[in-house]
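Trainee: Mind docking chain B on chain A? Use the hints.
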Amino acid sequence: MKPRRASWLAARREIRERLRSRAFRISTLVQVLAVIAVAVIASLTGGDGTTEVKVGTIDQVGRQVVRVADETATRADVKIESEPVSSPAEARGRIGDEDLDFAVGEGTLLAADGAPEAAEAILSQASSAVALRHGMERAGISPADSAELLASSDVPVETVAGKSDDSGNGIAFITTLLLYLALIFCGYAVAGGVVEEKATRVVELIINAIKPRQLLAGKVVGIGLMGLGQLVLIVGAGLGTSLLIGSIDLPSATFQTALLALLYFGLGFALYGCAFAVAGSIVSRQEDSSTTTAPVMMVLVAAYIVSISATNDPESTLATVCTLLPPTAPLIVPARAAAGYLPPEQLIASVLLMLACCGLLIWVAGRVYERTVLRMGAPVKLRELIRIFRTG
Amino acid sequence: MEDSGISVRSVSRRYGDKVALDDLTLNVPRGEICGFVGPNGAGKTTAMRIMVGLLAADRGSVLWDGEPIGDTRRRRIGYMPEERGLYPKMRIGDQLAYLGELHGLSPSQAEQRAGEWLERLGLADRLEDNVEVLSLGNQQRVQLAASLVFDPDLLILDEPFSGLDPVGVDLLSDVIREFCEERDVPVIFSSHQLELVERICDSVAIIKDGTLIASGLVSDLEAERAGNVWLLRLADRDDWRPGLDGVTRLEPGTFELEPDLDPQELLRAGQAVGEVIEFRRRVPGLSELFRETIGEER
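Sequence order for the protein chains is A and B.
As numbered in this note's numbering, the first sequence has no gaps in its residue numbers, which increase by one up to the final residue, 392.
As numbered in this note's numbering, the second sequence has no gaps in its residue numbers, which increase by one up to the final residue, 1298.
Note that these hints are calculated values from the structure, not bench results.
Quick reminder that beta carbons are idealized off the backbone N, C-alpha and C, glycines included.
Certain hints may be false.
Pair ranges (Cβ atoms, derived) [unchecked claim]:
#, chain 1, residue 1, chain 2, residue 2, range
1, B, G1041, A, V299, 38 to 48 Å
2, B, E1292, A, L385, 40 to 50 Å
3, B, T1025, A, A302, 49 to 59 Å
4, B, E1132, A, L382, 33 to 43 Å
5, A, A378, B, D1260, 55 to 65 Å
For reference, chain A alone in the conformation it holds in the complex:
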């Protein structure tokens, strides 16, 4: 049998058994629902950034103020709803009843305590503009001239894109967390699967038919594909929900982040999956596996903590170093992309280093696995592992 077919058979078994497993289906569903819930909650609480205010117009001037304010308000994501009120007294009463946020007219601007400051600034500016126009009219300046004068006082605003964009930080955090969880789940699945095969001696039947490396490759690829599928579902559900609700402005880097997350899940899983496989292959019983998976977990947890802190400052030296180090790269690279700062040359260097490191680890894992997978009894000692490489 061709090696690829042998590995594929082993991978297919992993995929089929997972799809058949109720635990897997439920955990996938729970994660998808959780992401959808997060997206919905974010849209409800954060809204779309639009502030709605109710303004009472006391007189003709008040209505003019609202008209002027409307233009600026749209740009500032403020929505003004206006309705006439008969007197300042009524306006005060309704503001007190929290029925109105503001009232304008008769030369005053009434604001509720705690009313949105942006709206207040817009209304106050509009009031000044209207007052100014009336003042100019009284000074004998024709309406046309006063309009021209006022227009010339508008200073054009040019928006300059910054390097980092705060809105990406939330996405960065979620990406890192999702990748971290996916790597843990899949890593443990690999270690558990390897130990199960050893503990139940199934491996003795399988090794009779295919080579240890083929079995290892199949297991890692199968579980990895399932993890990737799960991740695609979760990310897709999150993005899809946000787009459907349409109320969140997704940062522009979101899709790029999602693609990078999938790529780095693949690379990261090749790395951690092999490490977990080795941890599983050197013990013979499930009870012992927690001892040997612990070092791998520690590296992963440390990588997560470092990545989270580096994500907060994506331009720092720490972030650059983490991008280049293969154990931390899978967690930080997509996060930095989300946060909006990932120089292309660093990305390329990171991928290359990742690939080299994965190649090395796959070789090491294959070597250890084929020498330890049939060993039963006490866990293989570190000294023996070193000997595997010394003696060849």
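Mentor: The following block gives chain B in isolation, referenced to the frame of chain A:
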């Protein structure tokens, strides 16, 4: 030494300081079932694991039809490990089909064979069940099916009957016997149930401390060891002693004669004192043979 079938040639293996196999030589030709017996720790499992290729020999070789067993031939060995090996949470039908495919069957072939073997082993209605919900006896049937599903050219079974009820033993031994005869493959199985070995095996290999101490066809071994021991029973006379030279009474009614002594003399002596209701040569069973050979070595 014959070239057909499987041959173990001067195989030795140590675990640290402990000698597990010491110069073991054994041959099982095609179409023959060989019972592999010996006390606990004699090296049976080690020998079988070396034959299957799960363990390397320190010295010696395992040949198949006179040639070393390479990867291709190894894939043609049906093996049943002593500690059963199946995925607990996998359906038995899927499991057998998977093993079949790993051994080179097409998906449809594998599925068909899995169904056929489960049918033959009385588990046709359990196809969809996970291994872990089956009784131990049924798991053992599945385990045998796992070793047969790809039509192996050689069958190595480590304690296939341990823990089975008599019905299970009969079914599995029939299946093994049939498979061996129909496909003309060598079968080696280890067992502690000597009556069973005697009943289904053509030949037997007794090992102790990693060394072969007796082997051959069961009938030959038994005849070889039969000696000049005779049973003679008289009606109502259990305590009879013949009083002949060269005759030792081993137990009431059982007499060992010196090799050149004619058993007819014993019969005549018996007839002289009463009615002889039984007179025959006593042939030792395998259990006795086993105890004797192991005892001699001790």
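Trainee: Run every hint past the structure and note whether it holds.
Mentor: Structure-based check of all given hints:
For the pair G1041/B and V299/A, the supplied restraint of 38 to 48 Å holds, since their beta-carbon distance comes to about 42 Å. For the hinted restraint 40 to 50 Å between E1292/B and L385/A, the CB-CB distance of approximately 48 Å keeps it satisfied. Between T1025/B and A302/A the Cβ separation comes to about 57 Å, which falls inside the hinted range of 49 to 59 Å. Remark: the range hint 33 to 43 Å for E1132/B to L382/A is upheld by a beta-carbon distance near 34 Å.
Separated by about 60 Å at the C-beta atoms, A378/A and D1260/B satisfy the suggested range of 55 to 65 Å.
Hint compliance for this structure: every hint is met.
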